[in-house]
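Participant: Chains as they are written, first to last, in this note's numbering: chain A, 1 to 533; chain B, 1001 to 1298; chain C, 2001 to 2301.
The reader is advised that the hints may include incorrect statements.
Facing chain A, a subset of chain C residues (Cβ under 7 Å, in silico) [unchecked claim]:
| # | residue |
| --- | --- |
| 1 | GLN2010 |
| 2 | TYR2068 |
| 3 | MET2136 |
| 4 | GLY2138 |
Straight-line C-alpha distance at most 25 Å; calculated PhoX-like pairs for lysine-lysine [said to hold, decoys possible]:
| # | chain 1 | residue 1 | chain 2 | residue 2 |
| --- | --- | --- | --- | --- |
| 5 | A | LYS256 | A | LYS268 |
| 6 | A | LYS136 | A | LYS281 |
| 7 | A | LYS484 | C | LYS2237 |
| 8 | B | LYS1177 | C | LYS2011 |
| 9 | C | LYS2011 | B | LYS1116 |
To be clear, the hints were calculated from the coordinates, so they are not data collected in a lab. Note that the structure is predicted; figures quoted are calculated from it, not measured. Just so you know, even glycine gets a beta-carbon here, dropped at the ideal spot from N, CA and C.
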Amino acid sequence: MKKLLLLLCAAALFSGVLTANGKNESASSAGERSLVIWEELWANSSVSVTTLDDTPLYKELQRRLDIDVTWIHPPQGQTDENFNLMIASNELPDIIYRPWLGGYPGGPEKAISDGVIIRHNDVLEKFAPNYTAYLKSNPVAAKQVKTDSGTMYGFNFFRGGPELMVFFGPQLRKDWLDELGLSVPETMGDWERVLTAFKESGKCDSPLGFMKMNQDRSISSPQDQGAFIQPFHTSWDFYVNDGGKVQFGPLDPQFKDFLTLFKSWYDKGLVDPEFISCERKAFDAKILNGDLGAWVSYTGSGIGAYLDAKRGSGESFDIVAAPYPVLKKGDKPFNGQLDTAGREEAMAITTQCDKVELACEWLDYGYSPEGIILNNFGIEGESFTWVDNYPGFEGQRWPQFTDLMMKNSDGKTLSQMGGLYTRSFYNGPTVQQREYIFQYANRPAQRDAIQIWANTGADKHLLPPITSTPEESEDLATIMAEIKTYREEMVIKFLTGQEPLSNFGAFQDRLRKMGIDRVIEIKQAGLDRFNAR
Amino acid sequence: MAGINKRTPGEKAFDLFNVLFLLLLCLIMIYPLYYVLIASLSDGNLFLAHTGPLLRPVGFSLAAYRMVFRNPMVVRGFANTIFLVVTGTAVNLLMTSFAAYVLSRRDVYWKGLLMKMAVFTMFFQGGLVPLYLQVKGLGLLDSYWSVILTFAISTYNMIIMRTYFLGIPDSLEESAKMDGANDFTILFRIILPVSMPVVATMILFYGVARWNGYFYVMIFLRDRVKFPISLILREILVANSTDTMMDGASSGDMADAERIGDTIKFATTIIATVPILFIYPFLQKHFVKGVMIGSVKG
Amino acid sequence: MNNRIRKDFQKNRYVYLMALPVVVYYILFHYMPMYGVIISFKKFTPALGIGGSPWVGFKYFRDFFGAYYFWRLIRNTVLLSFNNLLWGFPAPIILALLMNELRSSRYKRAVQSLTYIPHFISVVVVCGLLLEFSQMGGLINDIVSRFGGERVAFFQDPAYFRLFYIGSGIWQEIGWGTIIYLAALSAIDTQIYEAATIDGAGRWKKMLHITLPSIVPTIIILFIMRMGQMLTVGHEKIILLYNPTIYETADVISTFVYRKGLLEFSWSYSTAVGLFNSVINFTLLVLTNRISRRLSETSLW
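Isolated chain A, as found in the complex (with noise of 0.2 Å):
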């Protein structure tokens, strides 16, 4: 008992010592030039530091700008959670870094007028003259980060270029076809053959696989679009239809063929049984183990991360990219992953912010010309350097990575490496380059990937990033929290079976009670807006 204590006693001041050397400064900015920011951290950043101070990127700019910023980071799969009380608490950092359209119930106009954040519109033509010119030569970018009203919520996230807008889509495994003579399916019947012919041929059980996204979605992708809902000309959520009228999918009467077809699929076995509580890892262990032939993924986190995975196994294992599926050979598919120019991404000066100034000055950098470089590829000399033979692109004066993050002697991957050296890997306060995916994305099944998962009516048909007003906003949290949970649960129900689809009627009907009329009346204000904008 003595002996435990005293080792306890020694161990509390060894600690002692230790937490007291790790201290940072409190929250509270110091210096006269020092910023306190709250962002959460990348995961393929926090395996190698505690806090975005201590990556070369940041070091950098500091020396650069000679600002000191504090990062504040919530516990990773606690942003929500964090943000929220923070919120509650009203003790706010000086910026913030959220998605905030998604990210603060009742959308960025909410949170002006909750006092969160600043109206921005005078305080970027006053003091940020690179972010202003950006969104002068990107019209269409412009239109997508501002409010109905025309209001500006922060410094966003730019992507820079067709290429970087196109990321996610239907994938197979392109040495199973091959094996089997199958060539790459187009129409669901053609879905239904493949998949059959893989299980059939014993090669898994159940060929179809989804990653579970997060809370909200399961059997849906990025902006919603399920790409096997999609061939119904329907969505798991809201789209605009051909009439560029606002529509909710399980709403329409389509929505049933897809739970036939669907369910059909999922009771010959052809879909995984895990397919709605699928984590990733999980999920990218089911494909390396060939459980599955097909998949619904990214470009670089599937593709690319899968081929890597296998590289140098010995195994037969290659990815092909499939289009968006169709019902009719030769339609163009109705709907797929398309993301905007201009994301909701943004770092937002908040009300207790008392240097605008200073926040904007180093804010603003992130769109320079040099900035962009430094955000997009890290420091010369040390994380790229300058070549006009690029493979591809010759005689282009092309950012090359060094062997420091394409063959990182450290074992650290190129993805860990762009979250010490960059921002364009995720994103950030700054325009996303091309010459990143290129070099991210580099082999001809990710950069064929890219070119068939363009083509699409995404355009047309996806829900373009809308406001609400705070009213309406209000009516939006309150119905669609229900809404969300009462959709998800009965849809897995009618494809599992718990639930038979005769009762499709029903559904539909007390979704219509739970208020969905109202809430498409709001979306559709909403686009009205947009357009008008």
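Starting from the known structure of chain A, arrange chains B and C on it as the hints suggest.
Facilitator: Using the frame of chain A, we list chains B and C on its own:
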């Protein structure tokens, strides 16, 4: 139980069943942890391909442990946890013995009210958001003191300690009182030294809770540098529910790192679990004395 | 009367000095947050603070009672709690009695130590392992299929949630739960057993008439405390385990409060639901205590 009497066949059968049943139970208790241990020592690829129960590591490898210790958060998290556990448990012990002592006095006028006040909180709480606002109001956010003080007394534990104190014969302290000792002296010099079993119990109860506690730490702390190991373990174990949409084209790739991902998970689990297991043998002797609690009778 | 209080203060001044930090603690960290529950009658806006936010009366309570999922939340909470009580409560008692019957004290100690181990494991780890083991290709399914059963995606089927939740809870706490009973058992005078033996009582009779009655007061007290938590099912474990597919059985009041309060910015709503929960708990506690006092003369206060 002591019995010199002969066992009947029925009793023999029961004894045999009892021994075997408890053996099976022990296996069930221990296997999952054993599985984690051998999985953490396995080769990532082989482990991924393996199905069915494991009895020994598949392809011995320490790669997972190397990866875990390369994570700067892990080492720091460890130091943070030790600080949190030691300081927190010390505060717990001090406050709980104060409360237990006060409530075990026989002739204190406000005792009944104090007891009611404490017990009421076991069943009636303000809720998370009001608690958060209160902690913020006290200026404790982002400080270890937020968790240390918020959970300074577990009323349940306090009642156990009080019950133990009640069982101590009055005669012990009478003589000290005669000598003019005040209540602090009585508590620290007389009561606590004869209460080692319950003190050990408290150390164990509080220590384990402090060691494993992650939820309120997650809520109250902001600075990643301060995170304890339990929270880092949570980050590693609970698949990142970060919105993949945000990561876009470039959400994490895997290559080597991901291939041993599963074993990393297990290695972290071992690292975060084994140390607290070692506290038990130190305190076990006091438990085995058995006199611990008597009963929780209020 | 006044005189008595003054005298008491005089005599027990050190006791009250000792009580001071304790009282301050309870006020600061329990009673002040209780004051905070008034936000359940207000529309809490951070910028205005608790005091400045406008009153809305019982709006959030009405919202909750009228919510589509109200009855399901109540049902799930009660069922989970009830099943937990039904299976989880007797488990350590039975184990303690079994351990008490072991003839080798060394084996008994070994069983004790081994069954304690899961208690030390973090709930995060327990849930992580549970999810891992219950996957289609996981350990549990491997065993099921070895015995000819069909593989099941357990955490996708609402039917299994309670089983896993309660089973893992028992796994983790059964050994630890015996401590309290073993302590009570060890206090029994061995002479009573000897006397019973002389009277010709068998093991079973002794267990029934001596061992069990001696721990009944402990059982009752623990039972009353459990009752006071009938409507409290902690959110931490469930949040680590559930997904929308199994909300049907897994979504309980505390997880609902968590989602409302920490994800949907509905602080007032969340607090209102929490308050409702507390009130019911407290009522249950008082009721059980009263019944117990009448029936068995054992009570919490």
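Participant: Does each hint fit the structure? Answer for all of them.
Facilitator: Each hint tested on the structure:
Contact between GLN2010/C and chain A, as hinted, is not supported at the beta carbon level, the nearest pair being about 36 Å apart and thus beyond 7 Å. Nearest Cβ of chain A to the Cβ of TYR2068/C: about 6 Å, under the 7 Å cut. The hint holds. Among the interface hints, the one on MET2136/C holds; its C-beta lies about 5 Å from the nearest C-beta in chain A, closer than the 7 Å criterion. For the restraint placing GLY2138/C at the interface with chain A, the shortest Cβ-Cβ distance is roughly 9 Å, beyond the 7 Å limit, so the hint is violated.
Straight-line distance between C-alpha atoms of LYS256/A and LYS268/A comes to about 18 Å, which keeps the hinted pair within the 25 Å bound. Between LYS136/A and LYS281/A, the direct Cα distance comes to roughly 42 Å. Violation of the 25 Å bound is thereby established for this hinted pair. Among the hinted pairs, LYS484/A with LYS2237/C is consistent with the structure: their alpha-carbon atoms are about 23 Å apart, no more than 25 Å. Under the criterion of a C-alpha separation no larger than 25 Å, the hint pairing LYS1177/B with LYS2011/C is consistent with the structure, at around 12 Å.
Distance restraint check for LYS2011/C and LYS1116/B: the Cα-Cα separation of roughly 22 Å lies within the 25 Å cut-off, and the hinted pair is therefore satisfied.
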